[in-house]
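> Listed here are the chains, written in short residue letters.
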Amino acid sequence: MSSVIEQIEQQIANLQTKAVASNTGKILKIGDGVAKIDGLSEVMYNEMIAFPGGTIGIALNLEEDEVGAVVLGESNHLKQGDEVKCTGTLLSVPVGKGLLGRVVDALGQPVDGKGAIESSETYPVERIAPGIIERKSVDQPLMTGIQAIDSMIPIGRGQRELIIGDRGTGKTTIAIDTIINQANINKVGIASGDPDFRPVYSIYVAIGQKNSNVARTLGVLEEKGALEYTIIVSAPAADAAANQYIAPYTGAAIGEWFMANGMDALIVYDDLSKHAAAYRQMSLILKRPSGREAYPGDVFYLHSRLLERSARVSKDHGNGSLTALPIIETLAGDLAAYIPTNVISITDGQIFLETDLFNQGIRPAVSVGLSVSRVGSAAQQKATKQVAGKIKLELAQFRELAAFAQFGSDLDAKTKAQLDRGARIVELFKQPAFNPIPIEQQVGVLWAMQNNVFDDIDVSKMVAASNSLRDFLSSRKEVLLTSVREKAKIDDDLTTQLKAAVDEWKPTFA
Amino acid sequence: MTQNKQIKEFAKQLLKMSVEGGDLSADRVDGVLTALNKNPPRHHIAVLKAYLKLVEREVAKSTAIISHAGAIGARSVELISKQLSAKYGRSIVPITREEPSLIAGLRVVVDCDVYDSSISNVLSTLESSLS
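Those sequence lines, one after another, are chains A and B.
In case it helps, our numbering puts the first sequence at residues 1 to 510.
In case it helps, our numbering puts the second sequence at residues 1 to 131.
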């Protein structure tokens, strides 16, 4: 109580009675989260506007006779004739490590009931992306913990890799697995005391989702011990379209703080389809001209300026990175629709999830043929490159042959062997949700695959065999796995050790 | 051009005719209204409404509404008017109004610009900074 009184006394002592100048306007119309304002002669584009009751908005339409502003938050208490003021500032959000483990809204305010956010800095929500000179090439791996991705579609720190697919194909699961894997890697790395270890902090931006989905995601992250390295920015479906529009930029601002301060961060935008829909809603109410599919003409710029803020920057400009995993939901697998093609052209690759594969039980349902990482093996550990180099080719050959095998013709031995191998690889890449696999275990299993260890195991038992081998390696060959992780390449010594380990394991698997 | 835009353009032209030497002229406004009454244009109610809005904006630009709590001397009003005229580069006419809710001090409004040195403003700023 005494500290509150002291605070008030200090505030009163600092009071000044000189005239305060402000530029004001009056609300002409308010509805659907958009206010038309008369006045505000000094307002600038994107400037924050103060509405009565502590509500804020952003000026988005500067017309001859009126200003169109979107209201961030509740607008039920606003009415025609209310006075609004220019603030002279752009929208900013609190940033820093104080946000880790917290759930915030699109304005950076906490919504998890755990008290105020400890933050001494703010970053503007809209910011110009790093230029060419400020950037550095992407060559550090970001492990997702998903075998199919880490081996064939490797992602690097600072890359933008799109996750795209129909509803219910596991897009969010891939993103959450990646976040959990970063937390697992962080714990091991920090415990090792390695001074060169760089943890990856994660930001999950939920746009237009059901509150129950966000709560479930929060529960999973808490259960897996990943929440302490994660920030959740939540703009659920119940929020105003303006909040859903701003949320990804808020997440980007939070991520930029890590990037500018020599740290690595990962940001997931789930999902940008709903983000585009919210922007379309706002633009139509603002009476902006509409184009294809009723989206405004600048819907490409909406996503390009967001995703360009994810980069790897040089030592002189922060020495950090911000990796982006935007998610797009397609309808009936249509990759050629408007928003998907926009975002595909912006990002550095895509992971395409197919409904057919999902329904066949191949989960994660990654379509290896349509997925690509434009950064590629530049961001892959040497060990993974050594064991996964030919996997993509073998799978492509398998898919081609599988189409002919359907006709039931007699097959020669070589074709049968290729089909068997392909089927085994497909089984190998099956993985349960929320169980990312450490890279050293992936390398061990893939080494076994490359060296034909699984050739005499029935295809239907492949999942059990790979699980058994990983359990064996993690429980009995921890030193070997640590060597794989630390050396990051398979030399002759590691090859000998791997062979010995696999030979020891094989008889135990019935 | 949409109908609304045409009406606005027409009203703007009427406003141009109502200005003399950069300032709104009451005689000219009278003249415009008389002419409109004699030969009403299409959608004349809408035209009049748009014209009224522009005239009100023009009047507000040249008027300083000085709200005060308690007494205010004529000298102070003259000083405020002089300073504002110099700032805006046009003649500003002061209009005083008693406003007890200000508690003490002044609030001067010229079009969209508000200059507030009242105690009530200071208290509301203090309230928002503490919340």
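The hints are simulated quantities; they were obtained by calculation from the structure and are not laboratory data.
One thing to keep in mind: the hints can contain errors.
What the hints assert, rightly or not - Below 27 Å or equal to it, Euclidean Cα-Cα: the simulated DSSO-like pairs (lysine-lysine) are: (1) 61(B) with 85(A); (2) 8(B) with 18(A); (3) 36(A) with 82(B); (4) 187(A) with 29(A); (5) 49(B) with 87(B); (6) 79(A) with 49(B); (7) 79(A) with 82(B); (8) 87(B) with 38(B); (9) 29(A) with 82(B); (10) 287(A) with 29(A); (11) 26(A) with 5(B); (12) 85(A) with 53(B); (13) 489(A) with 414(A).
> Could you tell me which of the numbered hints above are not met by this structure, giving the numbers in increasing order?
Checked against the structure, the hints that fail are numbers 2, 3, 4, 5, 7, 8, 9, 13, while the rest are satisfied.
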